[in-house]
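Position chains B and C relative to chain A; hints supplied.
Chains as they are written, first to last, in numbering that gives the first Met the number 0: chain A, 0 to 444; chain B, 0 to 197; chain C, 0 to 208.
For the record, the hints were derived by calculation from the structure and aren't laboratory data.
Misleading hints may appear alongside valid ones.
[Claimed, not checked] Restricting the straight-line Cα-Cα distance to at most 27 Å, the calculated cross-link-like pairs of lysine-lysine (BS3-like) are:
(1) A:Lys-312 to A:Lys-266
(2) B:Lys-62 to A:Lys-211
(3) A:Lys-205 to A:Lys-312
(4) A:Lys-266 to C:Lys-87
(5) A:Lys-211 to A:Lys-117
(6) B:Lys-158 to C:Lys-194
(7) A:Lys-117 to A:Lys-266
(8) C:Lys-87 to B:Lys-193
(9) A:Lys-205 to B:Lys-62
(10) C:Lys-182 to A:Lys-117
(11) A:Lys-326 to A:Lys-315
(12) A:Lys-218 to A:Lys-232
(13) A:Lys-215 to B:Lys-62
(14) A:Lys-218 to B:Lys-193
[Claimed, not checked] Computed Cβ-Cβ distance ranges for the label pairs, DEER-style:
(15) A:Glu-357 to C:Thr-197: 28 to 38 Å
(16) A:Asn-216 to C:Thr-101: 51 to 61 Å
(17) B:Thr-187 to C:Gly-165: 45 to 55 Å
(18) C:Thr-101 to B:Lys-177: 56 to 66 Å
(19) A:Val-280 to C:Gly-165: 57 to 67 Å
(20) B:Met-35 to C:Gly-165: 46 to 56 Å
(21) A:Asp-325 to B:Glu-180: 57 to 67 Å
(22) B:Ile-175 to A:Ala-204: 49 to 59 Å
(23) A:Met-352 to B:Glu-180: 46 to 56 Å
(24) C:Lys-71 to A:Met-352: 54 to 64 Å
[What the hints assert, rightly or not] Partial chain C-side listing against chain B, Cβ under 7 Å, derived:
(25) Gly-64
(26) Pro-172
(27) Pro-179
(28) Leu-186
(29) Gly-187
(30) Ile-189
(31) Glu-192
(32) Lys-194
(33) Pro-200
This one's a predicted model, so the numbers in the text were calculated from it and none came from an experiment.
Here a beta-carbon is modelled for each residue, glycine too, at the ideal position from N, C-alpha and C.
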Amino acid sequence: MTTFDPYAPSRDTTEGTVYSVTGGDWDSLVQEIGSTKEERVVVNMGPQHPSTHGVLRLVLELEGETVTEARAGIGYLHTGIEKNMEYRSWTQGTTFVTRMDYLAPLFNETAYCLAVEKLLGITQDVPERASVIRVMMMELNRISSHMVALGTGALELGAISPMFFAFREREIVLDIFEMISGLRMNMAYVRPGGVAQDLPAGAIAKIRDAVKLMRKNFKDNTTLLVGNSIWMKRTQGIGYLDLAGCTTLGITGPVLRSTGLPWDLRKMQPYCGYENYNFDVITADTCDVYGRFLIRMNELEQSLRIVEQALDKLEKLEGAPVMVADKKIAWPAQLAMGGDGLGNSLNHIREIMGTSMESLIHHFKLVTEGFHVPAGQVYVAIESPRGELGAHVASDGGTKPYRMHFREPSFNNLQATSAMSEGGMVADIIGAVASIDPVMGGVDR
Amino acid sequence: MCGDAVDWNGIKKMGLEEKIPSGFVLTTVEKLAGYMRKNSLWPATFGLACCAIEMMAVGSAAKYDISRFGMEVFRASPRQADLMIVAGRVSNKMAPVLRQIYDQMAAPKWVIAMGACASSGGMFNNYAIVQGVDHVVPVDIYLPGCPPRPEMLLDAILKLHSKIYDEKLGSNRAEIIKEVELAAMNATPTIEMKGLLA
Amino acid sequence: MSEQGMFGAPGTGDTSGYGGLVRTAASTGSSERPYGGYFDEVADDLERAYPMFSEAIERVVVDRGELTLHVKREKLVEVSKILRDSLKFEMCMGVSGVNYPTDSGRELHALYPLLSLTNNRRIRLEVSVPDADAHIPSVVEVWAGNNWHERETFDMFGIIFDGHPGLTRILMPDDWQGHPQRKDYALGGIPVEYKGATTPPPDERRSYK
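Just chain A, with the same shape it has in the complex:
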């Protein structure tokens, strides 16, 4: 099944076979390579490295400055989220799922909740206001995720100012998230059936101001990098992956769109009401790092367009519910700011303790046991900033997921590192990996 792998040698001990976790006995490795009579150097860009996006391990075989083989080692952030979710109720799954791809937490939550709603059969019953809020939050999250991608990508290639500009934009978006959901990151805001709570008063005006400010601020990064001859020399022609390569490797997202194919799930297989918004699908036809960079920069503007249209819709839907009407599924608590922080509002407590027995029973059962989801399995895919994020959820009719598997875009996209880097220079690997924009939390789950 497996042949001798010089990068993961094993030795037999009394406790069984042990593999060397640091990647090898270098003596035997050097001897093995020395026997090929060529000047090959094996370099380990280990899991702790400032330029690899998180805990990614790249083992490179170099001939001078040219990379002859590049292998990616992952798994350094494996958290067992999928198995953890099998022991928690369906609503608690949101808090776990949100920490997979930590730069785009709302996308993880939305994919999961759409899958659960499909299993429950309530996709049509989710209120429109909840869908519009989901779309708005997702597009804001797309902006913040692209900003981190641009900032860290530029930082890794040596440009430091774009990182400051990008994180400044990100702070604007995170302020909006904090105002609406209470947390900057990992908010667990989207729940099966809707969203956790409605927008606070004055939120729409604040978001409009933020959108105006962001439009002005995006010009800083654009003027700095687009058309910059150093940037173009570092990124043009690097990390080439054409359409055939993308389809066989299962790659989606900006990498696929940089080959010229306008494949965007928001347009092709719309969800959450995306068919009602006007926006363009950005493509490039250069298949290289520069094309993907331009795609991400232009997608920022498209996201702002969608946010503005969502705000208009929200103004018209003032006062509509944000949770599904079925009391046996809807998360019961109405949250409000009390003396000691955010908690159940006093009105809700007065109702469940004083007036309505059904509300008390629903609250109790939903929080302790959770709702039951009919047996079956679904696969729901949405367009996250990195590509197609698919949630495969299988239920056995109980209150806990039977099996939850996420098809993360970064997991597939990272397989392209070898195809993109081999034959190029060492420094170009950094650019190629930065353009794939992997998030190791999603890759390893």
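Only chains B and C this time, still in chain A's reference frame:
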């Protein structure tokens, strides 16, 4: 001069200090060394997961500027770093790497366990995550949060700064270490602390 | 699958007294024609392009707007090639493993969601293998992107993919024993210590099913 073997700081003197007026030399060196060390701590990049993004937000000059404390130089090489901020969940596969990076740092070195996952395993109580990074490296400051706000990280760093400022040198340090170890040996384990109900 | 009882940690004593409740989740039989939407077209095209359709496809299930073809594992590579070339399902979205320990003889399932860019369609292939002989032919030669997915499914479930260019552990450390996402593998948590009490890890707590 030889009357009381205690100087104005209340610290016992031994050896050379007794010959010099008022314990001037050693305590001032401690304060000076502490001041120098805390004001230019160089963190090592050890961002793992979500907390790393909040650490980057602190490190970038955007809103929460860490360079006001002299710490914006995140050294990539652990050999040049003093402080390791373990930001994020440490999986079983990553633990030996973490220990290797810690060993490569030169003393004096400090560790901040940032976030719930680094302090105690966080919400991931399972096969894949080390339940608290203090199973692998000695931790100086535990910072809870999921993820902790940038202000919380700055607060933890400032607490670490005062801890570093108060660190003793030489024979004083050996004494403090002995005292701390004795206190830890005699302390009640958490499970024995019965609280108000027992 | 069928479960007894409504309350209690799975496997150990039912503490509630509600043990009389038996809930059977029916494993669905084959759906009947017409399937609805583009599923009929897909099934017809496949039958036309692949004459041995009835030998290879055990069941066709249409549930909640999604089409699942249950394929015999020996024919998996053939069916995949025909789906990719004739029916234009160019992309495979990975391999997802599921462990049904009560389904004897078919304990491990591997699911392959497929996507057609030209026709904008989605279907799913499902292969079931017994625990004792958990081998599935690898589809890396058909869709190269499944390389890491098959390694992950091997790592997490122990399904061996014959013909895979390098089937090693990918998420767990290389010398890990056991396959974590199987149902017989414990969650592995430790009890959380408080003052005077401990909270057991999630898989050992009393909980609803």
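Outcome of the hint check:
{"no.": "1", "hint": "A:Lys-312 to A:Lys-266", "result": "holds, 19 Å"}
{"no.": "2", "hint": "B:Lys-62 to A:Lys-211", "result": "holds, 19 Å"}
{"no.": "3", "hint": "A:Lys-205 to A:Lys-312", "result": "holds, 16 Å"}
{"no.": "4", "hint": "A:Lys-266 to C:Lys-87", "result": "holds, 20 Å"}
{"no.": "5", "hint": "A:Lys-211 to A:Lys-117", "result": "violated, 36 Å"}
{"no.": "6", "hint": "B:Lys-158 to C:Lys-194", "result": "holds, 26 Å"}
{"no.": "7", "hint": "A:Lys-117 to A:Lys-266", "result": "holds, 20 Å"}
{"no.": "8", "hint": "C:Lys-87 to B:Lys-193", "result": "violated, 67 Å"}
{"no.": "9", "hint": "A:Lys-205 to B:Lys-62", "result": "holds, 19 Å"}
{"no.": "10", "hint": "C:Lys-182 to A:Lys-117", "result": "holds, 25 Å"}
{"no.": "11", "hint": "A:Lys-326 to A:Lys-315", "result": "holds, 25 Å"}
{"no.": "12", "hint": "A:Lys-218 to A:Lys-232", "result": "holds, 21 Å"}
{"no.": "13", "hint": "A:Lys-215 to B:Lys-62", "result": "holds, 18 Å"}
{"no.": "14", "hint": "A:Lys-218 to B:Lys-193", "result": "violated, 60 Å"}
{"no.": "15", "hint": "A:Glu-357 to C:Thr-197: 28 to 38 Å", "result": "holds, 36 Å"}
{"no.": "16", "hint": "A:Asn-216 to C:Thr-101: 51 to 61 Å", "result": "holds, 57 Å"}
{"no.": "17", "hint": "B:Thr-187 to C:Gly-165: 45 to 55 Å", "result": "holds, 53 Å"}
{"no.": "18", "hint": "C:Thr-101 to B:Lys-177: 56 to 66 Å", "result": "holds, 59 Å"}
{"no.": "19", "hint": "A:Val-280 to C:Gly-165: 57 to 67 Å", "result": "violated, 36 Å"}
{"no.": "20", "hint": "B:Met-35 to C:Gly-165: 46 to 56 Å", "result": "holds, 52 Å"}
{"no.": "21", "hint": "A:Asp-325 to B:Glu-180: 57 to 67 Å", "result": "holds, 60 Å"}
{"no.": "22", "hint": "B:Ile-175 to A:Ala-204: 49 to 59 Å", "result": "holds, 56 Å"}
{"no.": "23", "hint": "A:Met-352 to B:Glu-180: 46 to 56 Å", "result": "holds, 52 Å"}
{"no.": "24", "hint": "C:Lys-71 to A:Met-352: 54 to 64 Å", "result": "holds, 58 Å"}
{"no.": "25", "hint": "Gly-64", "result": "violated, 33 Å"}
{"no.": "26", "hint": "Pro-172", "result": "holds, 5 Å"}
{"no.": "27", "hint": "Pro-179", "result": "holds, 6 Å"}
{"no.": "28", "hint": "Leu-186", "result": "holds, 5 Å"}
{"no.": "29", "hint": "Gly-187", "result": "holds, 3 Å"}
{"no.": "30", "hint": "Ile-189", "result": "holds, 6 Å"}
{"no.": "31", "hint": "Glu-192", "result": "holds, 5 Å"}
{"no.": "32", "hint": "Lys-194", "result": "holds, 4 Å"}
{"no.": "33", "hint": "Pro-200", "result": "holds, 5 Å"}
The structure shown violates the earlier hints numbered 5, 8, 14, 19, 25.
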